[in-house]
Amino acid sequence: MHTISITDNHLSANNNHNHTNSVINANTFDNTFNVSYDQRQPQAKKKPKWYQHQTSIRICFALWFTIILATIGIIIICLAQPDSTHLICEKTFISKTKKSYTYDSRPRYVAVADFNNDNHLDLAIVNSFAENIVILLGDGNGTFSREYTNWVNDESAPYWIGVGDFNNDMLLDIAVANYDSHDIDILRGYGNGTFSIEFTLGLGSSRPMLLTVGNFNEDNILDIAVASNGTLDLTILIGSGDGSFEIQTNYYLGHDSMPYSIDVADLNYDNKTDIMIVDYGT
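In our numbering, the protein residues as written are 1 to 282.
Honestly, the hints are just simulated from the structure, not real lab data.
Be careful, since some hints might not be right.
[What the hints assert, rightly or not] Here are the computed distance ranges between Cβ atoms for each label pair:
1. 197 <-> 260: 25 to 35 Å
2. 197 <-> 168: 13 to 23 Å
3. 56 <-> 268: 46 to 56 Å
4. 260 <-> 56: 14 to 24 Å
5. 281 <-> 215: 24 to 34 Å
The C-beta atom is built at its ideal place from N, Cα and C for all residues, glycine as well.
Given only the sequences and the hints, what does the whole structure look like? Please build it.
Right under this line is the structure:
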């Protein structure tokens, strides 16, 4: 402890190192004064809890601000886009020609091609109950005035057809998937809308339902891909160029797949034909 006493202009100092406080005594009447002070170091002021987590608060604020900006941007983009009604097709369609049959033909599928080489598109309609292929020759104005009926085997139930020149005679032929007879018929075309069965390929108990035509082995000869509902598989038939075919391979489509539609295209631009199948069951 440090003590300083001043009385009548006399100064005395006493040092005591056993204390930490210093006291000065002062009296206003006898020129003596006391001053007390604390030599202890000042303690740091305790910071609030939010200050201790200021980094996390800054991150949360930045994320919140980013989300708000993104939301505003999305709203602006949506409001700036044109009304969807402007994209509606303004073309109209009317029924110009209607062809009716007096019996229960149950048409299943229709193919479009020029079957009589007159540069007018014709229709080939497969009728499963009537078991025939009806060719409607187009007049070039949306009407079809001539009709040819081409019969297939009894109890065959034709379901789907594909068109192509299978025997390289420059005339279109027709491939038919027969559901009940489990086979594929190749109908040779004569260039006038008439056809006759030239080749039949059995597929066991497959119940072929769909088929499509393409060059699957890159030999410039048309092949056929058949999707079957009975065996739930895809069968590739390789064409020989003379109207006949042989089975190359089968691809299982999966349990309860039930193929419903089929088509071909080069989907990945590798110059190879790909096959698309719509499976109703899966």
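Broken hints, by number: Violated hint: only 4; rest satisfied.
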